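Enquirer: For reference, the chains in residue letters:
There are 2 protein chains.
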Amino acid sequence: MPIHSEILTNPKADRVRRIADLARPKGRDKAGRFLVEGPQAVREAVAWTPGAIRDLYVAVEEEPDAWVVANPVLEAIVDASQQADSPIYVHLATPEVLDRISKDAQGILAVVDMGAVAADPGAVAVGDAPFVAACYEVRDPGNAGTVIRAADAAGCDAVALVGDCVDPLNPKVVRATAGSLFHLPVLRMEADGFVDWAHGHGMTVVAADVHGADGNPPEPLPALLEDQALVRGGKAVLFGNEAHGLGPAMLAKADRVATIPIYGKAESLNLATSAAVMLMGMAAAAHR
Amino acid sequence: MPIHSEILTNPKADRVRRIADLARPKGRDKAGRFLVEGPQAVREAVAWTPGAIRDLYVAVEEEPDAWVVANPVLEAIVDASQQADSPIYVHLATPEVLDRISKDAQGILAVVDMGAVAADPGAVAVGDAPFVAACYEVRDPGNAGTVIRAADAAGCDAVALVGDCVDPLNPKVVRATAGSLFHLPVLRMEADGFVDWAHGHGMTVVAADVHGADGNPPEPLPALLEDQALVRGGKAVLFGNEAHGLGPAMLAKADRVATIPIYGKAESLNLATSAAVMLMGMAAAAHR
Numbered sequence: 001m002p003i004h005s006e007i008l009t010n011p012k013a014d015r016v017r018r019i020a021d022l023a024r025p026k027g028r029d030k031a032g033r034f035l036v037e038g039p040q041a042v043r044e045a046v047a048w049t050p051g052a053i054r055d056l057y058v059a060v061e062e063e064p065d066a067w068v069v070a071n072p073v074l075e076a077i078v079d080a081s082q083q084a085d086s087p088i089y090v091h092l093a094t095p096e097v098l099d100r101i102s103k104d105a106q107g108i109l110a111v112v113d114m115g116a117v118a119a120d121p122g123a124v125a126v127g128d129a130p131f132v133a134a135c136y137e138v139r140d141p142g143n144a145g146t147v148i149r150a151a152d153a154a155g156c157d158a159v160a161l162v163g164d165c166v167d168p169l170n171p172k173v174v175r176a177t178a179g180s181l182f183h184l185p186v187l188r189m190e191a192d193g194f195v196d197w198a199h200g201h202g203m204t205v206v207a208a209d210v211h212g213a214d215g216n217p218p219e220p221l222p223a224l225l226e227d228q229a230l231v232r233g234g235k236a237v238l239f240g241n242e243a244h245g246l247g248p249a250m251l252a253k254a255d256r257v258a259t260i261p262i263y264g265k266a267e268s269l270n271l272a273t274s275a276a277v278m279l280m281g282m283a284a285a286a287h288r
Numbered sequence: 001m002p003i004h005s006e007i008l009t010n011p012k013a014d015r016v017r018r019i020a021d022l023a024r025p026k027g028r029d030k031a032g033r034f035l036v037e038g039p040q041a042v043r044e045a046v047a048w049t050p051g052a053i054r055d056l057y058v059a060v061e062e063e064p065d066a067w068v069v070a071n072p073v074l075e076a077i078v079d080a081s082q083q084a085d086s087p088i089y090v091h092l093a094t095p096e097v098l099d100r101i102s103k104d105a106q107g108i109l110a111v112v113d114m115g116a117v118a119a120d121p122g123a124v125a126v127g128d129a130p131f132v133a134a135c136y137e138v139r140d141p142g143n144a145g146t147v148i149r150a151a152d153a154a155g156c157d158a159v160a161l162v163g164d165c166v167d168p169l170n171p172k173v174v175r176a177t178a179g180s181l182f183h184l185p186v187l188r189m190e191a192d193g194f195v196d197w198a199h200g201h202g203m204t205v206v207a208a209d210v211h212g213a214d215g216n217p218p219e220p221l222p223a224l225l226e227d228q229a230l231v232r233g234g235k236a237v238l239f240g241n242e243a244h245g246l247g248p249a250m251l252a253k254a255d256r257v258a259t260i261p262i263y264g265k266a267e268s269l270n271l272a273t274s275a276a277v278m279l280m281g282m283a284a285a286a287h288r
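The listed protein sequences derive, respectively, from chains U and Z.
According to UniProt numbering, the first sequence is numbered sequentially starting from 1.
According to UniProt numbering, the second sequence is numbered sequentially starting from 1.
Looking from chain U toward chain Z, a few residues come up when the C-beta cut is under 10 Å (computed):
no. : residue
1   : E44
2   : D152
3   : G179
4   : H183
5   : I260
6   : G264
7   : S268
8   : A275
9   : A276
10  : G281
11  : A283
12  : A285
These are calculated hints, taken from the structure and not from any lab test.
This one's a predicted model, so the numbers in the text were calculated from it and none came from an experiment.
No residue lacks a Cβ here, since even glycine has one placed at the ideal position from N, Cα and C.
Use the sequences and the hints to build the structure in full.
Expert: Encoded structure:
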């Protein structure tokens, strides 16, 4: 059974430092692996990409005559990890060791091969009439993660991170996806290539923007959702940077522009909330 | 002109400590005032509740022969504050002083009377067919603030914080509302009284819950939105605690239960995102 009997007790050990290093881009690039923190995300990684998990690190506590896994939630994940076709290596560690690696471990961490999620557009089949959520230059990890989670809930076939977006393997992004990172491909692509890629796969590019562009004014979302050809067809819904939106160049290339009507005094919704309202609205309209 | 010519330069001054204290519940209760941080929220406070603002604190920088307001964004807010019927007191401070009060000031802070927003249900007229967003035991400041912002965007008449919720005057809540705290009344009430209050004002209580209760199964949101009598009538949409949801007692008292269909592999949406999807969906359906 690949549960190591040795207990990791030294927060200053080299191994511990190397794992903690996966929280940083350099550490991830060097190792080709990334860090998944906390029971929710680790459970989903075990369920959906067990073959890509290199190691699990689980908190144990010392009892009078043995070390035991710290709580039943962690135990259930360890059990599931041993049901996989090729069982996952489990390392037991003191809470101090886990805490040294990540303040957000909540007792459990997984080290996962980068290849499991950071996919190349060319390597992913998005199918007929694909439904894609796209982020352009989205920088905040919480926003990117929440968009990935909303895209998953809406039944999207993929998420595209376009241009200079936050790294989807940043631990804060991974955590905000609540496991959705392991449910659908997250593609990275250059700004120049995105619209061609979407058109090449038969998608209408719908830009989320309050103002629109010359000759491309925004349509209110409820009106757009009445267009059954659009909502049932291939489509990529594109969300812009938190501060600067999509910018004129991206807007000019979009096929349609959609805006969420505001019925009160708020100026706008935030990015992640807007994305959820649009994506879930499209999904509901397509399933009508 | 109530712009004080004295520059606050001492981060250790008693006055600075007292303002910083407003970030804590005790400090707020003692002073009867709360802290509003950053340009976006302060701008909205100046626009919507100028009479309740005790003081503005604005960052200045030293130039060869004078102190000047640090940037044009701050200058515009200071200008607006002097257009109010009774102009607002503006204090100039070094960035170090503002930083000592709040790491999230971004150059500007307002001290506001608590009476301006923490309203008593009895004192607020919600009108005919009111639309209310309600949070039950919601604890995370970011969630509560984002729900208040989404409720504002959806055109809600009020937000009700029911039972043991986070304090809406917590600086993190204030910031997450992006000014919406000053756009609509935020009421606090006991769990026992909420349903009676809602019914007394002709509202149908719609609980957001995946499971529902015995005899009160969840209806998928898209089906619920087809019910024009519901969406155009008085309604309170109730969201539960992040970890424990609404619980059987609250669910049993609700008139309807609504759930957001999930089309992909995600287990759920997070609280703030769910609230935005439901509230904006209801608003769009009512305006159809």
